[in-house]
Structure formats: structure tokens, C-alpha cells
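First to last, the sequence lines map onto chains A and B.
Read in the working numbering, the first sequence has 131 at position 131, and its numbers run on one by one without any break.
Read in the working numbering, the second sequence has 147 at position 147, and its numbers run on one by one without any break.
Source of the hints: derived by calculation from the structure; they are not laboratory data.
Just so you know, even glycine gets a beta-carbon here, dropped at the ideal spot from N, CA and C.
Keep in mind that a hint or two might mislead.
[Said to hold, decoys possible] Here are some of the chain B residues that sit facing chain A, going by a computed Cβ distance under 7 Å:
hint : residue
1    : L26
2    : V143
3    : P146
4    : I294
5    : V298
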Amino acid sequence: MTLRDPGNVTAPSRTLWGDAWRRLRKNKFAIAGLVWIVFIVAMTLSADLWVPATFGDPLAINTAPGASLAPPSLEHPFGTDKLGRDVFSRVVYGARVSLTVGVLAVSISLAIGLLLGSLSGYYGKFIDTIVMRSADVFFAFPYILFAIALIAVLGPSYRNVFIAIGILGWPSIARVFRSSILSVKENEYVDAARAMGASDLRIMVRHIMPNAIAPIIVYGTMSVGGAIITEAALSFLGMGVQPPTPSWGLMLSDAKSLMFAAPWLTIWPGFAILTTVLSFVLMGDGLRDALDVKMKD
Amino acid sequence: MLRYAVRRILQMIPVFIGVTIILFVLRAPGVLPGDPVRMITGERAIPESLREQIIEKHALDQPLHMQYVIYVRNLLQGDLGESYQRGRPVVDIFAEKFPNTLRLAVAAIIVEIVLGLTAGIVSAIRQYSFLDVLLTLSTSVLVSVPVFWLGMLFQIFFGIRLKEWTNDAFYLPISQMSSAQFPDWVHLILPAITLASVSTAYVARIMRSQMLEAMGQDYIRTAEAKGLKRRTVVYRHALKNAMIPVVTFVGIDFGVMMSGAILTETVFSWPGVGREIFLAVGQRDWPIVMGGVIIIVVIIMIINLIVDLSYALLDPRIRYGGGAE
């Protein structure tokens, strides 16, 4: 009788990322989130091919009698709004705005946050003090109010929304990356690289960053969800994307006065925000477990 | 303790200076392109005399650093400028709205503590049970819900649908003005639950992970070895030690809520600080917006200070632990 199945003894060598993917695959919630995101992206990317032809142009105002505020039907699965525009079509096109803002805002946060976080963590001392105290100043503001104040100055528009959200996101990224770098920096392989005469830049890029990046992947994923919800909130308050661009937050803002007469205007854009943000949160949770990142809740 | 308090207060100074610099840059006339007077007055056409008055008051003809000094001096004297739509001091407007915001915040904190703690403790005691998975998933959902949407759904369901289904027998008021026959606190129910929703999820998550950590400690094993009942172990020993991070979170959250829940107040037409800022945004009344932001930042800083100091008082480890890093 053999104690071990010989197949298991020669298990294929795995990379960190292969391992992580294997663990992620087992997390049902994370996979559900991933599937939903892929589905939304596919819907909105292919929208030009089928949505306007089937349900109507998201911007086309229809003044024909009965076209305005029509309840959900086969022709208009999510009903129509005050201007007779198809809500389903606007929700599908709204995904473009939300996902674009989410990804661009987080990219800006990452660009600033990774740069400042790595300088802060790697060099410490004076640079660290400056960067971390500036982060404290940013944390002193309530997030949404800071965004409003920024946009009040920049002027409300599609572009300024992701710029504002992006600028406000850097301190968290910088903090997470800094503490990650601080723990990686102590490893012997960093000393070894230094002893071999590697430059600061090389040590940073080749030895520290790859080992310190996992928490950023987790945090960045969740941040996309956060940026989407912030864009919706800002647009809801009239400080975000401007009409007639279909944005989920803006649609809810229009729905507010018609909440009781036409509840479908409220339900679907909100449902879209909820499920999309939730997908990013679940993905983030799954990645945290898969990459074995320890983060505060 | 005194040394800790002094150090903690001194730490606030650079943050406050940073905050004022940012707000100065944002609202400061002349820093950003455009007519500085227009930045203050908005789109409205103004007479030349008022224009000169504004230039003099904000020292717009002075160099930038002087303008900043004057801005901070006004700030420290409690002068946040006047609303251009209503011609009243910004401080007075907010003082009037503050009690409403405070009431809503207190109600929301109660909801947050009761529901959040219960969910967190239940999850921790029955780790990996169906209930735990369900509660953990619901916290993820709650974190992802846009609060203003939740507020709208509550109004549709509890305000209208429930009223229709029960033939007016049972429903909840959806805005303060709508129906006078309810006692005062009933008006608070929906806004408070809405405002508390996201925080409740965070409290539940923190509580769960803290409880699980506490239950794994040596003193818990000791307590069990002494033959104490499980109830006693859980509530007297584990819970007490798991509470500290939760209470810190709730304290900080209280500051954020008091400072005006702009989305919740807007959706429920609640006449508080947040809604005032929302209305000012719509009217491009920047003194109210910028003044509101600085008031709120100061309130939050003070509350965070109180939270930190009371913890240092209760937990010697914080006092002697050096920095807050």
C-alpha cells in the first residue's frame, strides 16, 4: 500500500500568481464579481451594435404622447424617463461613464500614491514626514465634501470628476504602499542587492516593488468600486457628470422628483451601481484572501 | 497623560495649517485663473462699490501671503464670510442648522451600535456558520449600496407602498414636512437607518474580526480553564477587549456624521448642515460651501482629539506607546 499518490509528489512548480489565481478561483463570491464585471464591460462595449437599434438611442428625446414615463414593457424593459428616453439603454451607456471614471480615477490615485508612497517608504526621514503629514491633511477632510470643494473650483464636468476623485485617492494608496515597502525593505535579499552594488532605482523596481505590490492590487480593486460610488454621489448632487450624458448618479438625481410616480427610474440605475460596486468589493475581498494580504478591516 | 495630550494637540497644528492652505488655494481669489472677485460672488453682477469692498476685505490687492494671513485671521475670529444669496454670516446659517444634524447623527449612531455590534458578535461566535456567511455577505452589500439610493428605496417602500398595501394603516413619514401627526422621533427612523447603513456594516466587520482575535488569546483559554461559563467568557472577557477599536471607529464616525451627512440629508430633505451645503452648491454660493467645509473639518478634528484622549485615559498602552503610528 502506498502512502502517497505519486502524482502529488511531483506537483508542478507554481508561481505566486498561479497560486493566487488557484485560490481565487475557489472563492465563489469573487468569481461572481469577476463574471458580473466582465458581463457589464461586454454589454457596454458592444452597446453601439445592438442597444440603440433595439431599445432606442440613450439621448434621443421622444415627445410623442405616451412616450414619456412609460412603465417597463417588452419594448422598454426598464421603462422610459421624463423625456421619453429608454432607461435600459441609458443604464447600459451609463456603465461606460462609471467604469471609465472608476478606472481613470484609480489610475491617477495609483500614479501619485505609488510614487509618493515609495519615496516615503524607501527613503524615510524628511521625505517620509512631508508625505505622511500631507496625507494627514487630506484625511482631515470628509471625503465627499473635499470632492465637492475641488469640483466647485474646477467646474463640474466628466473630466473633472475623475481628476478630483483621483487626486483625493492618493493618500490611502501612499499609506498602504509605504507600510508594505517598510516591511519588504527589511528582507535580506534587499541587503544582498545593495551589497552587489545595485542602484536605488533598481532595488526599488526589481526587488521591493514586486514584493510590496499585493496590498495595492487588493486596495486598488476595491478603490475602483469606491470611485464609482463617489462619481454617482457627485453626479447625484449635481457636481459630477452633466446632462445629457447618461450617468447612473445623474439618472437617480433626475428620478428624485419622480420617485413615487415612476419608481423604475430609481430602481434600475441604483441596482446597476450596487451590483457593480459590490463586484469590485467581492473581487477585492477574494484577492486579499488569495494573495494572503493582511489588511485592517 | 498631560504630555500625551500636549503632543496630540500640537500634532493638530500642522494639519490645521495644511487644511487652511488647501482651502485658501481652492477659494483664494487670484490663485486660480479667473476674476478673483467673481470667484467670491459667483455669477451675479455686482455694483462697483461692493466690488471694491470685497477687494479690500479679502486684501485682493495685497501679495498672496498677506491674503493668506488675512484669511486665517478672519477664520480664527470666526468670520467665515457672508452668504451672497442670503446676505447672512455663514457661521449663523450653520449654527441654525446644526441641531438638526446633531439629532440625526445621534439617532444614526444608536442604530449603528445596536445593529453593528449584534451582527458582529453573532458572526464571531458562530464563525463559518450559515448565519455568519450571510451576515458577512450583507456587510459587503451594505458597503456597496449608494446611501442616497437606499434612502429613495426606503421612501418608496415605507412611505408609499406600505401605505397603499395597508390602506393607510401603517407607514413611515418620509420627510419632515410631510405629515405632522407623527411624534418627532418617528421622522428620524428612515433617515437614521439610511445614514447608519454603511457604518453599521463596518462596525459589524470590525467587531467580528476583533472578537475572533480576542477569542484566540491566552486569557480566554485561562478563563475557560478556570471553568467559567461560555457566556461569561464571551461577554466579560472577550467582548471587553474587542470593543476598543469598535468604539474608536464609532467615535470618529460620529464626527463625520455630525459634520453633515450631505447625501442622506439631501435625499430626505432634512434641514441640516449637509443639505445647506448641497443647496449652496446649486446656487453657486461658495462662501457657504467653503465655510461649511472648514467648520466640518474643525468639528471632526476636535472629536477625533476627544476620542484619542479618552482612549489614552482608559488604555495606558496608548499613552506610553509613543506615536500613534
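Okay, the hints, checked on the actual structure:
With its C-beta approaching chain A no nearer than about 5 Å, L26 of chain B sits inside the 7 Å limit, and its interface hint holds. Hint on V143 of chain B holds. Least Cβ distance to chain A is approximately 6 Å, under the 7 Å limit. Interface restraint check: P146 of chain B against chain A, minimum CB-CB distance 5 Å, threshold 7 Å, status holds. Given the 7 Å rule on beta carbons, the hint for I294 of chain B is violated: about 10 Å separates it from the nearest Cβ of chain A.
For V298 of chain B, the shortest C-beta to C-beta distance to chain A is roughly 9 Å, which exceeds 7 Å, and the interface hint is violated.
In the structure shown, a violation is registered for the earlier hints numbered 4 and 5, in ascending order.
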